[in-house]
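Visitor: The lines below spell out each chain.
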Amino acid sequence: MKGYRKYFGKKLFWFGITFIAALLLNFTLPRLMPGDPVSMIVSKQAQGLTEASAVKAIYDNYAKEFGTSKPMIEQFFTYVGNLFKGDMGTSFSQYPRKVADIIGSAVGWTLGLQLPAIITGWLLGNILGALAAYVRKGFDKVLMPMTLFFSSVPAFGMAVTLLVIFSITLKVTPVAGGYGYDMIPNFSWNFINSVLQHYQLPFWSIVIISIGGQAIGMRSMSIYELNADYVKYARFLGIKDRKIVGYVFRNAMLPQVTGLALSLGTMVGGALVAEIIFSYPGLGTTMYQGIKMMDYPLISGTTLIITVMVLVATFVLDIVYGFIDPRVKAAQFE
Amino acid sequence: MKNTIRQVFHSPKFVVGFCIFMAILLTMLVYPFINPGDPLKMIGLGTFAEPGTYVSMYDSVGAPFSTFKIPDADVKRLDKLLTQDDRAKMREWLELAQVDVSELDVGDMDSLLAMWKQHYDPEIRIPGMIKAVRNYYIRLNNSILSASVSDTLKVTDTDEATGETIEKTKISKTDYVNVDDVANVISLPLGTDNFGRDTLKQLVAACGVSISIGLIAGAVATALGLLLGLLAGYLGGWVDDFIMFFTNIFTVIPSFVLLILINYSINQDQRGAGTVALVIGLTSWVWTTRSVRSQVISLRNRDHVNLSRLSGHSLPRIILTDILPYIASYVMMAFILQVSSGILAEAQLSLLGLGPKTTEVPTLGLMMNWAMLYSAHLNGSWWAYFPVILVIALISFSLNLMNTGLDQVFNPTLRE
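Residue numbers (my numbering), protein chains in the order written: chain A, 1364 to 1697; chain B, 7 to 422.
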């Protein structure tokens, strides 16, 4: 364990740096644009308002919230300070709810949907890819183009297609939302059942999409490993095929863990857009509402939370990788 | 070079992908000649007209006609008139009016109609039936009667001077107009969208715009990634550290989030397709940089590069002649993938409402966005969104297929 300290320390350092960079970007990007960000937001917000005093009131409110009169550095520290107090400002579209509140109620849904879906998709994809590499021949020829096609369908496209087939035509699953319209979240059997029913389509649309890319990566990796010298040597030694396959897939898995860490951002982005199609009460739908209503604090809050979630997931994957990759382990105990 | 190209075209995967992509490009080039005009012109007044051929009713009245006596014309007419739902309702009425319907099969038009005509009487009041339902039956009965009884339809016009009604022409049930004789026939293979625009024409135009967005984004990302990767890999030292610092950060921060933040900050009226493409390109160079760098590092100390350096060749020359040819195939593959992800990124942004300005050009994402905003998926207008999804999937499938094919050609361990 002691040997890992340096590895974890390095990872934690990068996590910290990236986190600060994410904060900076979230803070500066909207402010870097030409013109006064406050007046831009106000002009969007105040469309249709004729009374000058109302527009002025909105402007003052924002100017205070952003603190645009102060220098940039000071603004940034106020922003970070507020963040650590859990204050992300007040939502306009759902006034007077706090952005932190809205996000808090959405995060659970997104985590509960995406985490299991991405893990399932990753596992299934790897199994399929490994099988395709091992069996080759027909399996490989028929299944691979199919997986490639399915992974080419955008997540929202898969979501719409599943929705139309299962909810609208066959009427076996509910059309929208995370639970029945007539329910209040509680821990009754009825509610859990409704949640599970609403869960099916978003879950499977993410799983089907993510299988493809993983399967193709795993197939390439496995073929590469199967042709490696150590496999041939093991065969000469007369080690059972089953055992060799075990070694091979363990080695092929490692780059797949890194691959997952690297493609996480793209997968999460796609899945968030797919949420909108199902009006699933997660972060994707929240962000969409924010964009539609021009609710700047809400958008800024959701993008920050999504970034932090991806950062944390990547960090966790890095840690897991450290434990399962023998090379890292060896390096730590030298 | 020639040999490489020949080798690439021997890969079945690459060839299939290439053919699909070329077919899409060809359709994009040829279709505007077959069906010219502005793809964003609103031709229909309603929303979501179904796919099919539309014949002007006005023009077909005056058009020369021929007489055909077709035996099952009446049956067909009624078939079209009465939906399955109507038939079930008719049976329901008969049941409520205490007629014995146990023998009746709703699918059998003749017996249903015979029984209906025999028993239906608008005067009969069925207890418990609300007025709206009663009126529905009266209307239904009227249309059944008109379809089966009157043999001709009169077309009349009002004389503007006197206000009299003049009979223009009589249309009999046996009159048929040749579609070629009708002046105005529009063919809408994919119907119209929510604004009444020709979906197919729009789709073809959108396809072109989306592919160019992908190409621009891919070119920008690849050029930037290549440049940074070459610098970092070849020069090493602090340049490498500096570039990799940013690369590491942007690998983890999802580009999706950056795209949202940047695009939200640009006002909608300044957000053309070109701007969106540029922004997508500027946020997706990370992958190319990382891989080009690692390839260049492994090339940097090869003998031929060292020899070149000893001969005093300049840096650009070494890079152009000794390094680039080795990574060219890889860069090509990265470019193909980036085109495909650029198209996808545009579609996702547009779905969120952060895509290009809506009034100028159609893009695949914008078409999808409008279809979703007008709930095409909930009201059964499949033609407004399904072709779009299919086209996105096909484009990215063909590009991925080409990429896999190239991978197999340049990566001998993957060959079958």
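Honestly, the hints are just simulated from the structure, not real lab data.
Fair warning: this is a prediction, and the values are worked out from it, not measured in the lab.
Cβ atoms here follow ideal geometry from the backbone N, Cα and C, with glycine treated the same way.
Take these hints with a grain of salt, some might be off.
Stated by the list, open to error - From the structure, some residues in chain A lie toward chain B, with a derived Cβ separation under 10 Å:
(1) PHE1440
(2) LEU1635
(3) THR1677
What the hints assert, rightly or not - Distance ranges between label pairs, derived from CB positions:
(4) B:ARG308 with A:SER1468: 23 to 33 Å
(5) B:LYS160 with A:TYR1544: 25 to 35 Å
(6) A:GLY1540 with B:MET48: 29 to 39 Å
(7) B:LEU32 with A:ILE1547: 49 to 59 Å
(8) B:LEU31 with A:GLY1540: 54 to 64 Å
(9) B:ILE132 with A:ILE1547: 38 to 48 Å
(10) B:PRO77 with A:THR1532: 51 to 61 Å
(11) B:ILE130 with A:TYR1544: 37 to 47 Å
(12) A:SER1468 with B:PHE15: 47 to 57 Å
(13) A:THR1621 with B:LYS47: 48 to 58 Å
(14) A:VAL1538 with B:ILE132: 33 to 43 Å
(15) A:TYR1544 with B:ASP92: 27 to 37 Å
Visitor: All hints are to be evaluated individually against the structure, with a verdict given for each.
Guide: To see whether the hints hold, each was checked on the structure:
Hint status for A:PHE1440: violated, given a least beta-carbon distance of 20 Å to chain B, over 10 Å. The restraint placing A:LEU1635 at the interface with chain B holds, with a minimum CB-CB distance near 8 Å, inside the 10 Å limit. Against a cut-off of 10 Å between C-beta atoms, the interface hint on A:THR1677 holds, since the closest Cβ of chain B lies about 5 Å away. Separated by about 57 Å at the C-beta atoms, B:ARG308 and A:SER1468 break the suggested range of 23 to 33 Å.
Separation of B:LYS160 from A:TYR1544 is about 51 Å and departs from the stated range, judged on CB atoms against 25 to 35 Å. The supplied range of 29 to 39 Å is met by A:GLY1540 and B:MET48, whose beta-carbon atoms lie about 33 Å from each other. In this structure the hint that B:LEU32 and A:ILE1547 lie 49 to 59 Å apart at CB holds, the actual value being about 56 Å. Distance hint check: the CB atoms of B:LEU31 and A:GLY1540 are about 41 Å apart, inconsistent with the given range 54 to 64 Å.
As the Cβ distance of B:ILE132 to A:ILE1547 is approximately 41 Å, the hint placing it in 38 to 48 Å holds. Roughly 35 Å separates the CB atoms of B:PRO77 and A:THR1532, a value that falls outside the hinted 51 to 61 Å. Against the hinted window of 37 to 47 Å, the Cβ-Cβ separation of B:ILE130 and A:TYR1544 comes to about 40 Å, which satisfies the hint. Taken as a hint, the range 47 to 57 Å holds for the pair A:SER1468 and B:PHE15, whose Cβ atoms sit roughly 55 Å apart.
Restraint check, A:THR1621 to B:LYS47: a C-beta distance of roughly 50 Å satisfies the suggested window 48 to 58 Å. Restraint check, A:VAL1538 to B:ILE132: a C-beta distance of roughly 35 Å satisfies the suggested window 33 to 43 Å. Between A:TYR1544 and B:ASP92 the CB atoms are about 31 Å apart, so this pair conforms to the stated range of 27 to 37 Å.
In this structure, the earlier hints numbered 1, 4, 5, 8 and 10 are contradicted, and the remaining ones agree with it.
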